[in-house]
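Asks: Going down the list, the protein sequences come from chains A and B.
Each residue of the first sequence is one higher than the one before, counting from 180 in my numbering.
Each residue of the second sequence is one higher than the one before, counting from 180 in my numbering.
Since the hints were derived computationally from the structure, they do not count as laboratory data.
It should be emphasised that the depicted structure is a prediction, and the values quoted were computed from it without experimental measurement.
Accuracy of the hints is not assured; some may be wrong.
Any copy, or any two copies together, can satisfy a pair, since identical chains are not distinguished.
To be verified - Straight-line distance between alpha carbons at most 16 angstroms, and here's what the computed EDC-like set of lysine to aspartate or glutamate pairs gives: (1) K349 with D475; (2) K427 with E222; (3) K245 with D475; (4) K187 with E422; (5) K248 with E186; (6) K349 with E490; (7) K189 with E444; (8) K413 with E433; (9) K195 with E315; (10) K300 with D406.
Number of protein chains: 2
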Amino acid sequence: MTVNLTEKFKDNIVCKGLGITYPIIQGGMIWVSGSKLAATCSESGILGTIGAGSMTPEVLKEHILKAQKLTSKPIAVNIPLLYSRCQEQIEICLEHGVKTIITSAGSPKKFTTLIKNAGPKVLHVTSNPLLAKKCEDAGVDMVIAEGFEAGGHNGRDELTTMVLIPQVRKAVSIPVIAAGGIGSGQSIMAALCLGADGVQIGSLFAAAVESSAHDQFKKKITEAGYDSTRLMLKNLVPVRLLENNFSKKVALLEQNGASEAELKELLGKGRSKLGMFDGNMEEGELEIGQIACSIDRVSRVSEIVGTLLSELGSSLMRL
Amino acid sequence: MTVNLTEKFKDNIVCKGLGITYPIIQGGMIWVSGSKLAATCSESGILGTIGAGSMTPEVLKEHILKAQKLTSKPIAVNIPLLYSRCQEQIEICLEHGVKTIITSAGSPKKFTTLIKNAGPKVLHVTSNPLLAKKCEDAGVDMVIAEGFEAGGHNGRDELTTMVLIPQVRKAVSIPVIAAGGIGSGQSIMAALCLGADGVQIGSLFAAAVESSAHDQFKKKITEAGYDSTRLMLKNLVPVRLLENNFSKKVALLEQNGASEAELKELLGKGRSKLGMFDGNMEEGELEIGQIACSIDRVSRVSEIVGTLLSELGSSLMRL
């Protein structure tokens, strides 16, 4: 006996709302999730997401058009609201028929009405139940609740997925998507138990064959141990990084009580591109989640999604 | 239709190994979990634990004898190995027929053989998969894997329960008990999905009627919000604290890159007793987990366990 997951999730509120088969979103990640990763993920029945945070509006447009050539299934675009040209990015999504826009790192009040009036669904990323409620009040369709263990930019709240999801579930009536620390069908099942309606997975897809991360970065992800990442730069914008020369310099500065200016000077410009896209493993900024320790090889999206679904099916059977 | 949990957990490896009905351990906590809390928990079908960390060997003996008068069911004793008189504490447990000894904050090699040769089961607390494997190699019967979100003393690894449990599950063949961030039947279910055989719950029982925490501390736990705790004193012994004047002073020192000596001077002696037992809410050290934000009232153990089981039953039914 096996579980028919397509049937199981037929009426799932995230699947129905976003037009996907399984309630899994591939997280939008800077330098890593372009048209190829997003389109391949969408083709596999989950929601592929283009990470616009590292793209000019012109480059984003190219990626949307390419992705739409690769798949007729819906794709999403993740837009961090801290970038100066985010409004242009939103306009490009609206012009090109993107059905789901995921906003983060800013107020959900700023663009939600504009986007919704044009048609697309709006999802907003939150790291605490208070902001989740503000998202709901602003008209956001679903919230992505992201725990402390997640990679890349993170909230200041340090709430872990285990504690965050039930809190957000209690705070809002809209669908809740769990993010942070999810890397197996078992952990998708755990997130659903905690009250989530779906999940967002980043790190696993950063290391996929179809990701645009540099091969050296993908290799380094597969080599990560349980103690290879840390949430750093808490006094600037908290970000979870893989350990390397750069992260050690940050740690040293932070331990000595460095000022914001000193940290900004060390950070400089283009650190994340240098690491994740150009492949400088020692001086670049390498954003990844704690769950990297569970990733031991670079696989195709089809294989990653297949494994997740098969584990999820077994979990359901076992219970 | 309801789920018969007694039947469901009849063959559970933690239940069978520890002689309990439900695979739930009440965490041993300094100043909070004496004979009354432990005995009441054991009477309710879970494993009650006396927290020896705040007791002299003489006081521990009194608590064991009292607990044994209150219940004929097994009770455990938690012994942090960083205390100078921990060997005497272990000997008292052995002399008085304690069936389960939980060791923490030290090497599992130190006392495991001694304890096991005398009869009791040994459980050791770990915050990473590497130490978990060392526990297994040292002959420990079960590991308690405790995530970053847990209250009180914590590992340096910062692995959250969501990431830690699957890692520990993969690392060892002995039973794994999940701790950190667990405060509902839904989260017990989530921990089981992640690969745990049982759970340890602390914060919920710290706020119980039967806990020996000061009433002011219990009240403060019920008032905690999502951002009320922080993992602090990482350069001494990492500990998750509830925010108050004392924790703010620690935060200020840490932000300014204070030395170990400066932190030790601020900490002084008896901070945890002052807060948790004597009820000084501003200058005492108040140890509690992130999950405190989900606790909104002081309840009896019977009610807490009843709610956990009823939520767990509903979770099982829903899946």
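Asks: Take the hints in turn and mark each one as holding or not.
Replies: Now the hints, each set against the structure:
1. Proximity of K349 and D475 under a CA criterion of 16 angstroms is satisfied inter-copy only: 13 angstroms between copies versus 36 angstroms inside one chain copy.
2. Taking CA atoms no more than 16 angstroms apart as the test, K427 paired with E222 passes in neither setting, with 39 angstroms inside one copy and 50 angstroms between copies.
3. In this assembly of identical chains, K245 and D475 lie within 16 angstroms of each other by CA distance neither inside one copy nor across copies; the values are 30 angstroms within and 51 angstroms between.
4. For the identical chains of this complex, K187 and E422 are neighbours neither inside a copy (40 angstroms) nor across copies (44 angstroms), given an alpha-carbon limit of 16 angstroms.
5. In this homomeric assembly, K248 and E186 never come within 16 angstroms of each other (Cα to Cα): the closest approach is 28 angstroms inside a single copy and 55 angstroms across copies.
6. For the homomeric pair K349 and E490, the shortest alpha-carbon distance between copies (15 angstroms) is at most 16 angstroms, but the shortest distance inside one copy (28 angstroms) is not.
7. Taking identical chains as interchangeable, the C-alpha atoms of K189 and E444 are never at most 16 angstroms apart, the minima being 51 angstroms within one chain and 60 angstroms between chains.
8. Proximity of K413 to E433 under the C-alpha cut-off of 16 angstroms is found in both arrangements, the shortest distances being 9 angstroms within a copy and 13 angstroms between copies.
9. Proximity of K195 and E315 under a CA criterion of 16 angstroms is satisfied in neither setting, with 19 angstroms inside one chain copy and 46 angstroms between copies.
10. Proximity of K300 and D406 under a CA criterion of 16 angstroms is satisfied in neither setting, with 37 angstroms inside one chain copy and 30 angstroms between copies.
Comparing the model with each earlier hint shows violations of hints 2, 3, 4, 5, 7, 9, 10; every other hint is respected.
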